[in-house]
Amino acid sequence: MTTYGWSGKVLRVDLSTGRIWTEKTLEKYRDYLGATGIGYKVMWDEVPTGVGAFDPENRIIFGGGPLIGTGSPCGGRVAITSLLPTSLPELVGSGHMGGHWGSELKFAGWDAVIIQGKAAKPVWLSISDDAVEIKDARSLWGNGIYRATAEICAEMGPEAQVAAIGQAGERQVRMACIMTGNSHSAGGLGGVMGSKNLKAIGVRGTGSVKIAANKREWKRLVNYVLSLAGSNNQWVVPSTPQPWAEFHAPGSRWTARKGLYWGAANPPVETGTCDPRDLNSMGYRCQKAVFDLGPLAEQFTVRMDGCHSCPIRCHIQLSVPSAERYGVSRFAANTCIGWWGGRAIKKYPDGPRGMTFIEGTVVGKHMADDYGVWCNYGQINRDFQYAYESGILKKVLSEAEFKSIPFDLYEKGSPEFIKDFIRRIAFREGEFGFALGEGTARVAKRWGFGRDFYGFEWNMWNEKLGFPKHHSVENGGQVGALINTQYNRDAQCHSHINFYACGLPLGIQKRLAAEVFGSGDAIDAFRNYTPMNAFKAKFAKWSLLRKELHDSLPLCNWMFPWIASPLKERGYKGDTTIESQLYSAVTGDRKSEAELDLIAERIFNLHRALTIRGMKTKEMRKEHDLVPDWAYDHPRDAKPLSPGVDKMDREDMQRAFDLFYQECGWDRATGAPTGETLRRLGLASVAWELEKMGLMP
Amino acid sequence: MVEKAREDKMALADQIAVRVREDSGSLGKLTALALFLDEPYGRKEEELNEAILSFGEGDRRDIHVLTDANSGRIYLYATPHVCAAYADSLLLAEGKNPPAMIAETVRRESSLYPRPTASPLFLLPPYGLGEEELASSLEKLKGCKDFEDIKSFEASTGVIYLYSERYLTLPHARGLAEWVEVEQFENQ
Numbered sequence: 000m001t002t003y004g005w006s007g008k009v010l011r012v013d014l015s016t017g018r019i020w021t022e023k024t025l026e027k028y029r030d031y032l033g034a035t036g037i038g039y040k041v042m043w044d045e046v047p048t049g050v051g052a053f054d055p056e057n058r059i060i061f062g063g064g065p066l067i068g069t070g071s072p073c074g075g076r077v078a079i080t081s082l083l084p085t086s087l088p089e090l091v092g093s094g095h096m097g098g099h100w101g102s103e104l105k106f107a108g109w110d111a112v113i114i115q116g117k118a119a120k121p122v123w124l125s126i127s128d129d130a131v132e133i134k135d136a137r138s139l140w141g142n143g144i145y146r147a148t149a150e151i152c153a154e155m156g157p158e159a160q161v162a163a164i165g166q167a168g169e170r171q172v173r174m175a176c177i178m179t180g181n182s183h184s185a186g187g188l189g190g191v192m193g194s195k196n197l198k199a200i201g202v203r204g205t206g207s208v209k210i211a212a213n214k215r216e217w218k219r220l221v222n223y224v225l226s227l228a229g230s231n232n233q234w235v236v237p238s239t240p241q242p243w244a245e246f247h248a249p250g251s252r253w254t255a256r257k258g259l260y261w262g263a264a265n266p267p268v269e270t271g272t273c274d275p276r277d278l279n280s281m282g283y284r285c286q287k288a289v290f291d292l293g294p295l296a297e298q299f300t301v302r303m304d305g306c307h308s309c310p311i312r313c314h315i316q317l318s319v320p321s322a323e324r325y326g327v328s329r330f331a332a333n334t335c336i337g338w339w340g341g342r343a344i345k346k347y348p349d350g351p352r353g354m355t356f357i358e359g360t361v362v363g364k365h366m367a368d369d370y371g372v373w374c375n376y377g378q379i380n381r382d383f384q385y386a387y388e389s390g391i392l393k394k395v396l397s398e399a400e401f402k403s404i405p406f407d408l409y410e411k412g413s414p415e416f417i418k419d420f421i422r423r424i425a426f427r428e429g430e431f432g433f434a435l436g437e438g439t440a441r442v443a444k445r446w447g448f449g450r451d452f453y454g455f456e457w458n459m460w461n462e463k464l465g466f467p468k469h470h471s472v473e474n475g476g477q478v479g480a481l482i483n484t485q486y487n488r489d490a491q492c493h494s495h496i497n498f499y500a501c502g503l504p505l506g507i508q509k510r511l512a513a514e515v516f517g518s519g520d521a522i523d524a525f526r527n528y529t530p531m532n533a534f535k536a537k538f539a540k541w542s543l544l545r546k547e548l549h550d551s552l553p554l555c556n557w558m559f560p561w562i563a564s565p566l567k568e569r570g571y572k573g574d575t576t577i578e579s580q581l582y583s584a585v586t587g588d589r590k591s592e593a594e595l596d597l598i599a600e601r602i603f604n605l606h607r608a609l610t611i612r613g614m615k616t617k618e619m620r621k622e623h624d625l626v627p628d629w630a631y632d633h634p635r636d637a638k639p640l641s642p643g644v645d646k647m648d649r650e651d652m653q654r655a656f657d658l659f660y661q662e663c664g665w666d667r668a669t670g671a672p673t674g675e676t677l678r679r680l681g682l683a684s685v686a687w688e689l690e691k692m693g694l695m696p
Numbered sequence: 000m001v002e003k004a005r006e007d008k009m010a011l012a013d014q015i016a017v018r019v020r021e022d023s024g025s026l027g028k029l030t031a032l033a034l035f036l037d038e039p040y041g042r043k044e045e046e047l048n049e050a051i052l053s054f055g056e057g058d059r060r061d062i063h064v065l066t067d068a069n070s071g072r073i074y075l076y077a078t079p080h081v082c083a084a085y086a087d088s089l090l091l092a093e094g095k096n097p098p099a100m101i102a103e104t105v106r107r108e109s110s111l112y113p114r115p116t117a118s119p120l121f122l123l124p125p126y127g128l129g130e131e132e133l134a135s136s137l138e139k140l141k142g143c144k145d146f147e148d149i150k151s152f153e154a155s156t157g158v159i160y161l162y163s164e165r166y167l168t169l170p171h172a173r174g175l176a177e178w179v180e181v182e183q184f185e186n187q
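Sequence order for the protein chains is A and B.
In terms of numbering that gives the first Met the number 0, the first sequence has 672 at position 673, counting the first letter as 1, and numbering is strictly consecutive.
In terms of numbering that gives the first Met the number 0, the second sequence has 29 at position 30, counting the first letter as 1, and numbering is strictly consecutive.
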C-alpha cells in the first residue's frame, strides 16, 4: 500500500552495539505527526529520569514530518530533539535547522533517525537510501564542520546532505551546535552527538515523496499558499512606500525596492517593487543583508538563499573581500542570530553597522559554523561581556590566562578578537573557554555573576535554566511573556510575532485577530499594552500549539501561521487552515484545522509532561514558568502597562498565568496539566506515570 | 456624426488610459491630465474633461482621477500598479508644499498604525525631497500654527522622528522609534 507524505519508516541506530533497525512510522508515531512529536514521544518512552544529556542512554532524534520533501512552501526544516546540555537541570528541548538535509532524508526513505548509545570510536552514519552504515570517522575527528562535510560529500557524492559537529561538539562543549549546508545550525545539541562519538550523518536519497492529491489540486493549493505569503516572518507590507502598497512599515523584512540591489551579483540584481501578485519576484522581497547588517551590506550581497522548497529566501550569501585579511573566506552565508559571532565585540571603531562590523560578522560566522559553537540566542556574547565589564574575569582567571586573552583587540573592535574568543570556547581552552562553553546557567554560577546580570541590559529571561528572552514582552506584552515561560531554552516560537509584527495598521490587525481569537482585544498596539484578558490567553496558547504543529509537520515557524496576508482584495486576511490543507492534500488523511490543533496540543502537553518529569516537580508555576524582575521593573521611571514601554504589571501577569493555564486545561495553582486534559489528548499513560510519581496536580 | 464623435471620445479615453497605465506601471507616478493638452496629443481641455468621465468604469475601471484641491489640477493613475494611498502621497508631493506634505503624512502614520515617522522617509519616493529641502521643511514646520500638533525628537541613533500629538504621546513615539532604530536588530 502506498504511504503518502510519510515515507513510513523510522531509522533506529544503537551506536553501542552497532545495531541498525527500522520502525514503522504510522504504527508508532502517527498521533505525533513527526519531528518534535516523534522526538518527545521517544524521550518519554525511552529516556527515564536520571539520564543525562551526555549519557549513552540519552536519545537524539532527527526528523521532519509528512510535509518535508513534498515541495510544500517553507516546508524544509528539521527538528532535533534530545536532552538539552545547556539547561540546568538537563531537560528536553529541540534545535532546529533548515537547509536540505531533512528533505534528502525523506528522499532516502526515512521519516526520522533516532540515535542511542555511544560508539567505541568516532563514527559517522552513512544513509544512502536503504543502505545504512556506521562508518569509521577517525580521519574526520578533530576537523571542523566544513572539512567533515566536504569529505563526506566526496565519498557519498556532491548531492549528499550532511549534518555534522565541529571540534566543540566533539569535546562535549554544552554550547555546541549541529550544522548542515554550512549555514543552517541547530542549537545546543552538538555535544550530544559528540558524547555518542558521532561526527556526522550523511544522507543521499534517490527516491521521492508521494503526495495523495492529484497534480492539479496540488499545484492549485501551492499557488494559493504562495499567493498569501509575505516576506520573512510574514511581514505583509514593504519597508518603504511602494506604488502597489497601501501600507508600509519601516521594520519590515520586505525590504525590496527600486534602487536596492544584490550588489555583489554579476551583474548586480535589482530587487525592485515586488508586487505581491507577481509570484515570480517573491524571492527578491527579502534583501536581508541590509536588515541584518545595515545598508553597507548591500554591495556585498551575492544573492539570497534558503531551505529546500522555500520561496522566501532569508539566508544571505555574502562576498566580503576585505574579510580575507583575517584569514577567512570572503564568502559567508547565514541569517538572523546565525551571525552572532560578529556581536562578540560590543563596539566597533566605525560604528555598530560599519565595515568592521561586517568583517567581524564574516569572521564570526566562519569560526562559529566551522567549530560548531552555539550562541544561546546571542547570550554567549553577553555572558562574556558581562564577566569582562564587571571585573569578574580578572578574578576567576589566573593572571597568565587573563593576560593571554587579547582584550586589547576587543577594546579596539578588531575581528581578530573573535577568532580567539570562539576558538577558546570550541576547544575548551583554559577556564575561560571551558566555563563559557558550559552555557549561561553554569557559567553564571561558576563565576558568581551578580544580580545585575539578571537586569534588562543582559537579556536573561530564565536564570535557573539559563536562557535569554526571545520575542518576549517586547513582542506582544503578556502574550510574548507567557510564550517565553514554556520551554527549557529560549522560546523558538514565532507564531505571535508573525502576526504581531506583520506591518498592518492596528485597526486591521484587530479585525483579523477578532476572526481568529474572538476579539480584537487579543492584540494591543505595539508598546502600548492593555491589561490581560482571556483573548490574549487564547492567542498565547494558539501560538504555542502552532509552533509545535509547525515543528512536527514541518512548516517554517519563522513564516507560519498566517493570520494576515499582503492582499488588499482579501482585506489582508491570511488563512490559518493552510496547515490542515497542506497536510490533508499530502497525506490523504483529511484533517480539519481543529483536528490538527488537537494533535499539536498533545505534542505540547507531552513536552510539558517531560519537563515536569525531568524537574521532578509539578510546581511549574513556581519553579519553571518564570518571568524575570526586569519585565516588571524596567524602565524604573515608567508605570507598568504605559505607552512606550514593555513594562508588565506583577498582579496582571499573575492573572495572565491564571487565564493561560485555564485555557490550556492546566491546574491553576501548579501550572501542571490535569489528568482530564491529558486523557482528552490521548495521553492517559502519561497521566498514569505522572500520577505514579506524585507529579499530578 | 454623433457616432463618430462618440468613437473619437472613446479613442481619446483609451489613448489617455494607455499612457496612464504606462506611467503607473513602469514609473509608479501620476499622470497630469494637462499633459494631453500638449503635443503630440494636442487635445482641448473640454475634450479631456469629457474623456475622463468614462474612467473608473467598464474597460477603464482601473483608471482613477484625483484633483489637487489647491491648484485644481487633475491627475490620473492606474490600479493595481499604483494604489489609492500611494496616489494620495504622490498628490501631496505634487503640491510642492513640503511642510504640508510632511505634516499630512505624519498625521496619517500617527493615527493609522500608530507610529512616529522617521524623517528620512521623505527622501524616498514618492516624496523625493533633497537633504537640504528636508532640513528646511522641518524648520518651517516648527514655527507654523497649522502644524503645531507635529512634534519631533531625536532617536538614540540621531535620526529625527516626527509624530502628531493628536494621536501619539512622546513616550509612546520614543519607545516605537527605539524599537525600529536599535532594538529590533537585537531581537531577531
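It cannot be assumed that every hint is accurate.
Claimed, not checked - Stretches of chain A that chain B covers, calculated by requiring three or more beta carbons in the stretch to come under 8 Å of a beta carbon on chain B: (1) 267-278; (2) 300-307; (3) 409-423; (4) 501-508.
Hints were generated in silico from the structure; no laboratory data involved.
These numbers come from a predicted model, not from an experiment.
For every residue, glycine included, the Cβ atom is placed at its ideal position computed from N, Cα and C.
Tested hints:
1. Coverage of the region 267-278 of chain A by chain B holds [criterion: at least 3 residues with CB-CB distance below 8 Å; count 3].
2. Coverage of the region 300-307 of chain A by chain B is violated. Counting CB-CB distances below 8 Å, 0 residues qualify, and the rule asks for three or more.
3. Only when three residues or more bring their CB closer than 8 Å to a CB of chain B does the claim for the region 409-423 of chain A stand; here the count is 0, and the claim is violated.
4. With 3 residues having a beta carbon nearer than 8 Å to a beta carbon of chain B, the region 501-508 of chain A meets the requirement of three or more and the stated coverage holds.
Checked against the numbered hints above, the structure breaks hints 2, 3 and satisfies the rest.
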